[in-house]
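Protein chains: 2
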Amino acid sequence: VINEPEAPNLSQMIDFAQVEDVLHRAASAAAAVTLPFFRTPLAVENKWTRGFDPVTQADKQAETAVREIIAAAFPDHGIIGEEWAPKATQSAFNWIVDPIDGTRAFISGVPVWGTLIGLTHEGRAVAGLMAQPFTGEVFVSLPDKAEYLHGGKAMPLRTSPVTDLSAAKLTTTTPDLFRMPEVQPVWDAFWPQVLQTRYGLDCYGYCLLALGQIDLVVEAGLKDVDIAPLIPIIENAGGVITTWDGGRAEAGGNCLASANPQLHRKALAALQSR
Amino acid sequence: VINEPEAPNLSQMIDFAQVEDVLHRAASAAAAVTLPFFRTPLAVENKWTRGFDPVTQADKQAETAVREIIAAAFPDHGIIGEEWAPKATQSAFNWIVDPIDGTRAFISGVPVWGTLIGLTHEGRAVAGLMAQPFTGEVFVSLPDKAEYLHGGKAMPLRTSPVTDLSAAKLTTTTPDLFRMPEVQPVWDAFWPQVLQTRYGLDCYGYCLLALGQIDLVVEAGLKDVDIAPLIPIIENAGGVITTWDGGRAEAGGNCLASANPQLHRKALAALQSR
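Line by line, the protein sequences give chains A and L.
Just remember that the working numbering sits 11 ahead of the position in the first sequence, which is counted from 1.
Just remember that the working numbering sits 11 ahead of the position in the second sequence, which is counted from 1.
Rather than coming from a laboratory, the hints here were simulated on the basis of the structure.
Please note that the accuracy of each hint is not assured.
Put simply, identical chains are the same to the list, so a pair is met inside one copy or across any two.
Said to hold, decoys possible - In silico SDA-like cross-links for lysine to any residue, where the CA-CA straight-line distance does not exceed 20 Å: (1) Lys164 with Thr146; (2) Lys164 with Gly147; (3) Lys164 with Glu193; (4) Lys164 with Arg36; (5) Lys277 with Asp256; (6) Lys164 with Phe145; (7) Lys164 with Asp87; (8) Lys98 with Thr75; (9) Lys164 with Phe49; (10) Lys98 with Gly232; (11) Lys164 with Thr51; (12) Lys98 with Asn20; (13) Lys234 with Trp95.
This is chain A alone, in the form it adopts within the complex:
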């Protein structure tokens, strides 16, 4: 998984040491904006007319800070963010930014939200970072590594060896994700097959999968910014992530992440059996 055929070519096109530096500096800049807002009263806007999707001032300011650092380092790259209009360029490289993935966790004081920053090349995720500033955790992946940083220490990310659904720990953000006619019956048939189902983790769930603590993440209706930065973290830790029909997950939609290819085959089959 780590040494895919295209990786050598990519390294001639871009300096991944610089990419890594930008990921970390951008995450720090985002944290400097988000942390002072965490667990304080916030001006919450309503993004949706039909529901409650809080978008905070912290969200917008953090994305601005991240964009400035990316644009200064890679001025010709495109940038796609959760909060502001896309910066389209001629480059095959695009940065994907979700300054606060899990804004509902954020406004509820739960430290499982994260800042997501990823890099795609011709639409394929090649590097990514998730940072949780309150716990001080960083999950980062580049073509040659996937690392967990905490308390001044770095350790390699490695997914679990669980290969059976009946032994798998599953997480998803909320059962509300599946309240769509074409999705609800699939979810209802799937979750009773696993050992344990937990809710409420947003991006943190995928990172716990990369850390070997969670075996499956099943979600529906994701946006590109929700998932693209997490793909290299999952894949370079030994995991697999695809859409429910087995395709690449960079564009979001209904996604399945698994700790290893064997478990992924079984989980995909179970999702597709209806």
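Once you have looked at the hints, place chain L on chain A.
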């Protein structure tokens, strides 16, 4: 709430400075056991025959460590714990211990589990502590205070001023709690009335309520050790916690915690309207 009529008498019966010291020392002793197990492979036992209720080695060893500290300081007090048989005495004081509340969160690597230690007098909770060792957070209450400790700083706990259900942020551990015939319809009618529902927090949800970040916690089928240590934290932060029929919550069962008395009245009425 803080100065209840019985408090002056209680202070003549027990040294609350010693209680506070024991709470903190016991939590530290528990953390020394639990943290080295967190996010490592664990010997998981099955406590239930019908379901999956993981109880770890960490759970049992941590309770032993807590019991030793309590017994040394207050040898005549009773101790009721999650993992070992109760220590019954003639004392009106009983300590309530749940070494790892949220063992499913624990074995999934999610830092929202906690060590709960509480003190009851004639069945009424009078002091309590919740500690989350990975984030380094401690929530503690004695008759004259409710405090949040993090990063070497202490701040008073204070619940939110939200008084309307439609503006309230609700949390509960999992929707699976409500899968009982007499409970499911109550929950199904209740949760759509609030602003936002989140799952997956265990004891951490009650502490976020005390911190003013969550407005309501609704749970069903709790045990005494799940809730008694949290009651003083909630009450001395300005919140209210009762069973769904408005009684004291020390024995567990179906419980409702609210940020303030006005919100509690509305939430109780909504729960009882069916």
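Hint-by-hint comparison with the structure:
Taking the shortest alpha-carbon separations for Lys164 and Thr146, both the intra-copy value of 14 Å and the inter-copy value of 16 Å come in at or below 20 Å. Taking the shortest alpha-carbon separations for Lys164 and Gly147, both the intra-copy value of 11 Å and the inter-copy value of 17 Å come in at or below 20 Å. In this homomeric assembly, Lys164 and Glu193 never come within 20 Å of each other (Cα to Cα): the closest approach is 44 Å inside a single copy and 50 Å across copies. For the homomeric pair Lys164 and Arg36, the shortest alpha-carbon distance inside one copy (17 Å) is at most 20 Å, but the shortest distance between copies (27 Å) is not.
Taking identical chains as interchangeable, the C-alpha atoms of Lys277 and Asp256 lie at most 20 Å apart only when both belong to the same chain, with a minimum of 13 Å there against 45 Å between chains. For the homomeric pair Lys164 and Phe145, the shortest alpha-carbon distances inside one copy (16 Å) and between copies (15 Å) are both at most 20 Å. For the homomeric pair Lys164 and Asp87, neither the shortest alpha-carbon distance inside one copy (34 Å) nor that between copies (45 Å) is at most 20 Å. Taking the shortest alpha-carbon separations for Lys98 and Thr75, only the intra-copy value of 12 Å comes in at or below 20 Å, while the best inter-copy value is 58 Å.
For the identical chains of this complex, Lys164 and Phe49 are inter-copy neighbours only, at 16 Å across copies versus 25 Å inside a copy, given an alpha-carbon limit of 20 Å. For the identical chains of this complex, Lys98 and Gly232 are neighbours neither inside a copy (24 Å) nor across copies (51 Å), given an alpha-carbon limit of 20 Å. In this assembly of identical chains, the alpha carbons of Lys164 and Thr51 lie at most 20 Å apart only when taken from different copies (16 Å versus 29 Å within one copy). In this homomeric assembly, Lys98 and Asn20 never come within 20 Å of each other (Cα to Cα): the closest approach is 25 Å inside a single copy and 68 Å across copies.
Proximity of Lys234 and Trp95 under a CA criterion of 20 Å is satisfied intra-copy only: 14 Å inside one chain copy versus 47 Å between copies.
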